[in-house]
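Novice: Generate coordinates for the entire structure from the input sequences, incorporating the hints supplied.
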Amino acid sequence: MTTEMAEPASKIELPASVAGDGEIPTFHITLRVRRYDPEISEEARWDDYKLTMYGTDRVLDALHKVKWEIDGSVSFRRSCAHGVCGSDAMRINGRNRLACKTLLKDLDTSKPITVEPIKGLPVEKDLIVDMEPFFQSFREVMPFLINKGHEPTKERLQSVEDRERFDDTTKCILCAACTSSCPVFWTDGQYFGPAAIVNAHRFIFDSRDDAGDMRLEILNDKEGVWRCRTTFNCSEACPRGIQVTKAIAEVKQAILSRKI
Amino acid sequence: MTTIESPRSGKIGSGKIAPKYNRSGHSRGNFEMIAWLFMRLSGVVLVVLIFGHLFVNLMVGQGIHAIDFGFVAGKWADPFWQFWDLAMLWLAMLHGTNGVRTIINDYAERDATRFWLKGVLYAAAFVIIILGTLVIFTFNPCPVVNGVQLPGGFCPAP
Chain W
59 MTTEMAEPAS KIELPASVAG DGEIPTFHIT LRVRRYDPEI SEEARWDDYK LTMYGTDRVL
119 DALHKVKWEI DGSVSFRRSC AHGVCGSDAM RINGRNRLAC KTLLKDLDTS KPITVEPIKG
179 LPVEKDLIVD MEPFFQSFRE VMPFLINKGH EPTKERLQSV EDRERFDDTT KCILCAACTS
239 SCPVFWTDGQ YFGPAAIVNA HRFIFDSRDD AGDMRLEILN DKEGVWRCRT TFNCSEACPR
299 GIQVTKAIAE VKQAILSRKI
Chain X
20 MTTIESPRSG KIGSGKIAPK YNRSGHSRGN FEMIAWLFMR LSGVVLVVLI FGHLFVNLMV
80 GQGIHAIDFG FVAGKWADPF WQFWDLAMLW LAMLHGTNGV RTIINDYAER DATRFWLKGV
140 LYAAAFVIII LGTLVIFTFN PCPVVNGVQL PGGFCPAP
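Chains as they are written, first to last, in our numbering: chain W, 59 to 318; chain X, 20 to 177.
Treat each hint with caution, since some may be false.
Stretches of chain W that chain X covers, calculated by requiring three or more beta carbons in the stretch to come under 8 Å of a beta carbon on chain X [unchecked claim]: (1) 179-190; (2) 237-249; (3) 274-281; (4) 309-317.
The set of hints was computed from the structure by calculation and includes no laboratory data.
Beta carbons are placed, not taken as given, at the ideal position from N, Cα and C, and that holds for glycine.
Specialist: Spelled out as structure tokens, the structure:
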């Protein structure tokens, strides 16, 4: 009889103190999931699931285990499961994160791990929210290249410095972790939100783009950049490490220097 | 054959979103930008004005022990301190009112609540600014009514 070897969900290098003799440690967790199904009840409720997970598992793996082995009715979005598509932003232990980038071992496993849908957007079912208001704001800032010149026959060249200017804001994956962490957005959902401003920033400061003034005019709205109170929730929530508040401040400065 | 119902939120990309999220048209003008800029500039000026005020009132000479009706009357006899206090009054009131306005905008969820809270705020700010300005410019430490001086210990006899 052989000892059952643990098969980790993801193979990463672990220090000897954590991983023993190459064996992945296991631990017990309680996953507390916010459940909502308007076809059953208008009231949301908490469901607890007791699971045995591995040191290499993420919150997404725990959700998979619940959905695949315990309760198939648990609903959540996920696509690539590797922090690129931005589908599985959720509120884990009160903070907006990507379920696929949050390792269980980094959370306090002695207490239940709470998983809720992101705040400020209408919940459709369980962890799935209606992203349409979020994308509406995104579309309004025209997040695409607008160039008035003739279409070149080859690529549009840009200096390294010009590319560096907006490098940070190119990283956005539209997961909505920032916008749904913003207290101003929670109030009435009218604020454009950090994500829309970040994506406007990406084109406003692109030397190849000619519509920066139009975007600045759109964001010089009473629901635009001036509603930002620099609480830094967005910068903290961003799973890509974008300096969101800094980007918003740069757009504010651009509007100011254009007007004065 | 089973029919699959369409999702509740409407067709993706149709722009159909919950009415609460629809922005009611674009705001014209630069009011929010000017309000934002005013907060920064008035804040810097207020730091100088308020600490200057505190220093002169509480530290210079006998400091806090010298403050009485006569001290204030003496300050307001000087146009420099009239202007200083006027600037402090206006900047502090507008700065504070604008701050509370943004707090109401951020925390009041219903339009009617917002409207009434802001109404009370603007009325209060207006009354205080007008009253304060009047006091600074019309202040007279030794008022004379019908040729008779009102009682007060420090006014020179007529």
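Novice: Compare the structure with each hint and give your call.
Specialist: Status of the hints after comparison with the structure:
Given as covered by chain X, the segment 179-190 of chain W passes the check, having 4 residues with a CB less than 8 Å from a CB of that chain where 3 are the minimum. Only residues whose C-beta sits within less than 8 Å of a C-beta in chain X count toward coverage, and the segment 237-249 of chain W has 6 of them, enough to reach three; the restraint holds. Here the segment 274-281 of chain W counts 5 residues with a CB under 8 Å from a CB of chain X, which clears the bar of 3, and the coverage holds. Check on the segment 309-317 of chain W: 4 of its residues sit with their Cβ under 8 Å from a Cβ of chain X, so the three-residue criterion for coverage holds.
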